[in-house]
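**Student:** The primary structure of each chain is shown beneath.
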Amino acid sequence: MTQTISKQIFRAYDIRGLYNKDISPDVFYKIGLAAGTYVQQIMKGKQMVMGSDIRQSSAPLAYAFIAGVTATGTDVCHAGTTSFGQTLFSGGRMHADLVAFITASHLPPEWNGIKFYHGDGVGFPEDRLMAIRDLVLSDSFKTVDWDKIGQVHSIETRAEYKAFFTSHFTFKEKIKVALDCGGASMTLSAPEIFTALGLITVPIFCSTDPTFSHRPSDPKPKNLAVLVDAVKKNKCDFGVAFDGDGDRAVIVDNTGQILSADHTGIILGKYGLKKKKGTIIVNVECSKVVKEQLEPLGFTVKQIPVGHTFLTLEAKLEHAPLGIESSGHLILPEYFLFDDALVIPLKIAEILEAEKKPLHDLVMTIPMYPTKKEEIDCPDEIKFDVVSQLKQQLVKEFEQVNIMDGVRVDLAEGWVLIRASNTSPIIRLTAEADNETILHDLVTKFLTRTHEIIAQTKKTTG
Amino acid sequence: MTRLFGTNGIRGVVNKDMNSELAMGIGKAWGTLLKQTIIHPKCAIGTDARLSNHMLKSAITAGLLSTGCDVCDTGMLPTPTLQYTVKEKQFDAGVIITASHNPPQFNGIKGVASDGTELSKDVEEAIEKIYFSQHFSLAEWGCVGAFSTWDGAIDLYIKGILSTIDTTGIKKQRFHVVLDCGNGVGSLVAPLLLKKLGCTVTELNCTPDGTFPGRHSEPIPENLTELMENVPEANASFGVGQDGDADRAIFVDERGKYIWGDKSLSLVGKYITRDLKGGLTVTPVTTSTCFEDVISKNAGSVVYTKVGSPIVARVMMERHAVFGGEENGGLIFPGFQYCRDAGMSLAKILEILAKEKKPLSELIAEIPSYEMVKTKIVCPNEKKQLVMNQVAEQMQHNKDLSRIDRTDGVKLYLKDGWVLMRPSGTEPIFRVYVEAKEKTRAEQLTIFYKNLVNSLIQHA
Chain Y
1 MTQTISKQIF RAYDIRGLYN KDISPDVFYK IGLAAGTYVQ QIMKGKQMVM
51 GSDIRQSSAP LAYAFIAGVT ATGTDVCHAG TTSFGQTLFS GGRMHADLVA
101 FITASHLPPE WNGIKFYHGD GVGFPEDRLM AIRDLVLSDS FKTVDWDKIG
151 QVHSIETRAE YKAFFTSHFT FKEKIKVALD CGGASMTLSA PEIFTALGLI
201 TVPIFCSTDP TFSHRPSDPK PKNLAVLVDA VKKNKCDFGV AFDGDGDRAV
251 IVDNTGQILS ADHTGIILGK YGLKKKKGTI IVNVECSKVV KEQLEPLGFT
301 VKQIPVGHTF LTLEAKLEHA PLGIESSGHL ILPEYFLFDD ALVIPLKIAE
351 ILEAEKKPLH DLVMTIPMYP TKKEEIDCPD EIKFDVVSQL KQQLVKEFEQ
401 VNIMDGVRVD LAEGWVLIRA SNTSPIIRLT AEADNETILH DLVTKFLTRT
451 HEIIAQTKKT TG
Chain Z
463 MTRLFGTNGI RGVVNKDMNS ELAMGIGKAW GTLLKQTIIH PKCAIGTDAR
513 LSNHMLKSAI TAGLLSTGCD VCDTGMLPTP TLQYTVKEKQ FDAGVIITAS
563 HNPPQFNGIK GVASDGTELS KDVEEAIEKI YFSQHFSLAE WGCVGAFSTW
613 DGAIDLYIKG ILSTIDTTGI KKQRFHVVLD CGNGVGSLVA PLLLKKLGCT
663 VTELNCTPDG TFPGRHSEPI PENLTELMEN VPEANASFGV GQDGDADRAI
713 FVDERGKYIW GDKSLSLVGK YITRDLKGGL TVTPVTTSTC FEDVISKNAG
763 SVVYTKVGSP IVARVMMERH AVFGGEENGG LIFPGFQYCR DAGMSLAKIL
813 EILAKEKKPL SELIAEIPSY EMVKTKIVCP NEKKQLVMNQ VAEQMQHNKD
863 LSRIDRTDGV KLYLKDGWVL MRPSGTEPIF RVYVEAKEKT RAEQLTIFYK
913 NLVNSLIQHA
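Listed in order, the protein sequences are those of chains Y and Z. Everything in the first sequence is counted per our numbering, starting at 1 for the first residue and increasing by one. Everything in the second sequence is counted per our numbering, starting at 463 for the first residue and increasing by one.
Keep in mind that the hints were calculated from the coordinates and are not lab data. Virtual Cβ for every residue (Gly too), placed ideally from N, Cα, C. Hints may contain errors.
Unchecked claim - In the BS3-like style, the derived pairs of lysine-lysine whose C-alpha atoms are separated by at most 27 Å in a straight line are:
no.	chain 1	residue 1	chain 2	residue 2
1	Y	356	Y	222
2	Z	634	Y	21
3	Z	634	Z	817
4	Z	591	Y	21
Said to hold, decoys possible - Label pairs and their computed distance ranges (CB to CB):
no.	chain 1	residue 1	chain 2	residue 2	range
5	Z	630	Y	170	28 to 38 Å
6	Z	499	Y	7	52 to 62 Å
7	Y	44	Z	671	19 to 29 Å
8	Y	192	Z	671	32 to 42 Å
9	Y	192	Z	782	51 to 61 Å
10	Z	614	Y	360	48 to 58 Å
11	Z	614	Y	192	23 to 33 Å
12	Z	610	Y	171	28 to 38 Å
13	Z	610	Y	360	58 to 68 Å
14	Z	625	Y	171	53 to 63 Å
15	Y	21	Z	610	26 to 36 Å
Generate coordinates for the entire structure from the input sequences, incorporating the hints supplied.
**Tutor:** Following this line, the structure appears as C-alpha cells:
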C-alpha cells in the first residue's frame with residue numbers, strides 16, 4: 001500500500017474525497033486502523049457502530065474500514081446501508097464508543113467520506129478527528145493478536161427505529177406531505193415511516209438512486225423545483241427535501257415557499273416546544289430574527305461557532321430543547337441529540353395539527369431581513385491571519401463584537417460576520433440588516449476593509 | 463517468485479503473516495484476474511468459525527468489490543458447502559476463509575473456481591503475479607461491485623447430499639452415530655444431516671468456536687480419544703470426527719477403534735467400483751497399496767498424482783474418475799462435486815453400512831492391511847532438487863526395484879512394499895514414507911533410506 005494519503009481529506013467535521021483519487025479502500029483500511037486504535041488507546045473503549053449511505057462506493061469503503069477496525073481488536077456492530085439517522089440511532093441503542101457513518105453528505109456521487117459521532121449523538125470534535133488524522137498519516141496503529149481480533153455483528157434496527165417514531169408521533173388529521181428524498185439514503189427510512197404514521201405522502205425521487213440522476217443531493221433552493229411544483233399541484237400541507245445522508249431537511253410551505261433553516265428553526269421553537277424555556281443554541285451565522293422571535297417567549301438564545309459538532313455538544317451541555325445551524329442542521333434533543341433530519345418534518349406536521357393553521361400563515365408571522373453572503377478569495381496561508389487582524393481592529397472600534405468564530409459585529413440595525421473557510425482558500429462574509437440600503441452599506445464597508453487587510457498582508461509576507 | 467499459495471490455499475498466523483492488508487490485496491488481484499474474462503463477476507464468500515474471520519472476510523470483500531466484482535456473503539459454513547454453492551448457484555468464483563485443521567492462531571484463504579473445485583495452480587500463480595505487480599484494475603465509483611448476503615447455502619448442500627444417496631435404506635437402520643465436529647463448522651451441517659437420515663446423534667464439540675476448546679482441529683488419533691471412548695460407551699454404530707472446515711472425515715468403528723484414512727478411502731472405493739463393475743479412481747502417491755488392491759479386485763484402475771487435493775480433483779475431472787481422495791480422510795465424490803467433502807463421506811459410509819448390514823469393524827477387516835512408517839529429515843530448500851535427482855540416479859541400477867516413479871518426489875516400488883521420498887512444499891524438510899506388509903520390514907527400509915537421503919544432503 002504505497003498510496004500517500006492527502007492531509008486535505010481530513011476536514012473540520014468529517015473526512016471527504018473523490019473515490020479512487022483522494023480516498024480508496026486502502027485509505028479507508030488505514031482510517032479503520034486509526035479509528036480502532038483511537039477507540040482502544042484513547043477512549044479505552046471496545047465497540048463501534050457503523051453504517052453507510054447508498055453511494056455506490058460505500059460498500060468497498062465500508063468493508064475495508066471494518067478490516068482495519070477489527071485488526072485493532074475493536075468490535076463492529078454493522079448496521080449496513082441505512083439513512084444517517086438509523087445508524088446513529090443504533091449507536092445510541094448499542095451504547096457505542098464511536099459511531100461511524102460512510103457518506104459524503106450532499107456532495108456529488110463520485111465523492112465519499114466518513115463522519116464520526118459519539119454513541120450519545122454528540123458529533124466528533126475537530127481535535128479528535130485530527131488525532132485520528134495524525135494516526136493515519138504517521139501509520140501509528142496498534143493491532144492485536146489472533147484471539148483479540150474484533151468481531152463483526154450485523155445489527156438490524158430498521159423495525160426498532162421505525163417503532164421509535166410511531167411511539168413518539170401520532171397524527172389524527174390527514175396531513176399531506178410531499179416527500180423528496182432525492183434518491184439518496186432517506187429513501188431507506190422516510191417513506192416507510194411517513195406511511196406508518198399515517199401521513200399522506202406524495203413521493204418524489206423516493207427510490208434509491210446512487211447516481212443522484214434526478215436532482216443533486218444538495219437540497220439547495222435551485223434543486224427543489226420538482227418538490228415546489230408537487231406541493232402546489234397536490235395541495236400539500238407542506239413539503240420536505242433531504243440531503244444525501246439525511247442530516248439536513250429543507251421545508252417547503254403550502255404555497256411552495258422554501259423556508260430557510262432559521263425560519264424552520266423559529267417555527268419549531270415558537271410552536272413545537274412545550275416548555276417555553278431553556279437555552280436555544282444557534283450558530284453565529286444565524287439570522288437576528290431567531291433571537292428577536294424566541295427570546296420574548298422565555299428562551300435564551302446562545303451563539304456558538306459554525307459546525308454541527310459544536311451544535312450537538314452545546315445542546316448536550318445546556319440541555320437545550322432546540323439547536324439551529326444556518327447550514328440546515330436542526331436538532332430537537334427531546335428525540336435525538338444528533339441531527340437526524342427525519343424528526344424535522346414530523347415535528348412540523350405535529351405543529352400543523354396542533355395549530356390548525358396552514359404553514360404559510362405561521363411563516364408570515366416571522367419577519368424576514370435581507371441577508372447577503374460574499375466569498376472573498378484569500379490564500380490559505382494568510383486567511384486566518386487576515387481574520388485575526390480584523391478581529392484586533394474591530395474589537396477596538398465597535399461595542400458588540402463576538403470573536404468565538406471569526407469576527408461578528410452586531411449593530412442596532414444589522415450585523416456582519418467575517419470568517420475564514422475551514423476548507424477552501426476563501427474568507428466568507430455574511431451580513432444581515434433591517435433593509436437593503438443598510439445591508440448594502442454594511443457589506444461594502446466590511447468588504448473594502450477585508451480587501452485592504454488582504455493586500456497589506458500579502459505585501460508584508462511577500 | 464515468492465509463493466503465497468501452499469498446498470491448500472494461503473495460510474498464516476493472524477495479524478502476523480495473514481492480515482487484512484494481504485487479504486485485501488488478494489481480493490484485488492483475484493478480482494482483476496476475474497475481470498479479464500468476465501464482465502461482471504459474481505463471487506460467493508464464506509468462513510469457518512475462526513475469530514479472525516470477519517476481519518479477513520471484510521478485507522477480501524473490499525478488494526473484490528473495488529475491482530467491480532459482486533460479493534455474496536454466505537456466512538459461516540463448511541468448505542465443501544461453499545464449493546457446492548458456487549457450482550449450483552453459478553457463481554464465477556468462491557472464497558473461503560479457513561485454515562482447515564491448523565491451530566487457532568492461523569487463518570487462511572482458499573479459492574474456489576466456478577465449477578466448485580479448488581483453484582488450479584495456474585490460476586493461483588496468475589493471482590500471485592498480479593498481487594506482486596500491484597497492477598490492479600480498480601473500478602470507478604459507479605462500477606464497483608455490489609454486496610449481498612444469502613443464508614441458504616447449508617440447506618442447499620444438505621438437500622444435495624440427500625438427493626444422491628439411498629436415504630430410505632439408511633433411515634430404516636436407525637443408526638446411532640457419535641459425532642465430533644471439533645468445534646468446527648461441520649457443527650452447522652453434520653448434526654442436521656444425521657437427523658434427516660433418521661440417526662440418533664451423540665454430539666461432541668458440536669458448537670462452532672474459533673478457540674477450538676474441545677480438541678485440536680486435526681482429526682488424528684491423539685485428538686479423537688474422546689470420540690473413541692464415547693462410541694462403545696454409547697453403544698453406537700460408529701463415530702465420526704471432522705476437521706475445522708469439514709472437508710475431511712475420519713471414522714471410528716463400533717468398538718472405538720480409529721480407522722486410518724487409507725482404510726475408509728479403500729472401503730468407499732471398494733463399494734463404488736463394485737457397484738459400477740470397475741472404473742477409474744485417483745489418489746496421491748502417498749496412499750497405501752490397500753486402495754489399489756481393492757480397486758483392482760473390482761476391475762477398477764488407480765491413477766496416482768502429486769500430493770494435494772486440488773490436483774486429485776483436477777485429474778478426476780480430466781479422466782472422468784468414479785472416485786478419488788486422500789489418505790487423510792479427504793474423500794471426493796465426482797457424482798456430487800469435485801472436492802473433499804466430509805458431509806458426503808459421512809452419508810456414503812451410512813449408505814454402505816445400511817446396504818451391507820455388517821458392523822464397520824468387519825467391513826474394515828476385509829480391506830488388506832499394510833504397515834506404514836512416516837518420518838522426516840531436515841534439508842535446506844535449495845538442496846532439495848539436487849538430492850532428489852541423486853536419489854533417482856543411484857536407484858536406477860538397483861535390481862530390487864520394480865519401478866521408479868517421479869510423480870511427486872521419488873517413489874521406489876520394491877517387491878514387498880514401496881518407499882517415497884518427497885521434499886515438503888512449505889518446510890525445509892524431506893518426508894520419507896515407507897510401506898511394507900510387515901512392520902519390521904518397514905522399519906528396516908526406513909532406516910536404510912533415511913540414512914541414504916541424509917548422506918546425500920550432507921554431500922550436496
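**Student:** Taken at face value, is the distance from the CA of residue 21(Y) to the CA of residue 591(Z) at most 27 Å?
**Tutor:** holds, 25 Å
**Student:** Starting from residue 634(Z), check that the Cα of residue 21(Y) is at most 27 Å away, please.
**Tutor:** violated, 65 Å
**Student:** Does the Cβ-Cβ separation between residue 630(Z) and residue 170(Y) fall within 28 to 38 Å?
**Tutor:** Taking Cβ atoms as reference, residue 630(Z) and residue 170(Y) lie about 59 Å apart, which means the hint is violated.
**Student:** If you check the beta carbons of residue 499(Z) and residue 7(Y), does the distance land in 52 to 62 Å?
**Tutor:** violated, 40 Å
**Student:** Residue 356(Y) and residue 222(Y) were given as a pair; does the straight-line alpha-carbon distance stay at or below 27 Å?
**Tutor:** violated, 30 Å
**Student:** Take the C-beta atom of residue 192(Y) and the C-beta atom of residue 671(Z), compute their distance, and say whether it sits inside 32 to 42 Å.
**Tutor:** Since residue 192(Y) and residue 671(Z) have Cβ atoms about 38 Å apart, the given range 32 to 42 Å holds.
**Student:** Check the hint pairing residue 634(Z) with residue 817(Z) against an upper bound of 27 Å on the C-alpha distance.
**Tutor:** Cα-Cα ~11 Å, so holds.
**Student:** Given the hint of 58 to 68 Å, is the C-beta distance from residue 610(Z) to residue 360(Y) inside that range or not?
**Tutor:** violated, 46 Å
**Student:** Can the suggested window of 48 to 58 Å be confirmed for the beta-carbon pair residue 614(Z) and residue 360(Y)?
**Tutor:** holds, 54 Å
**Student:** Taking 51 to 61 Å as the stated bounds, is the beta-carbon spacing between residue 192(Y) and residue 782(Z) within them?
**Tutor:** holds, 55 Å
**Student:** Taking the CB of residue 610(Z) and the CB of residue 171(Y), does the distance hold inside 28 to 38 Å?
**Tutor:** At 36 Å between Cβs, range holds.
**Student:** Confirm or reject the claim that residue 21(Y) and residue 610(Z) have a C-beta distance inside 26 to 36 Å.
**Tutor:** About 27 Å separates the Cβ atoms of residue 21(Y) and residue 610(Z), which means 26 to 36 Å holds.
Comparing the model with each numbered hint stated earlier shows that hints 1, 2, 5, 6, 13 do not hold.
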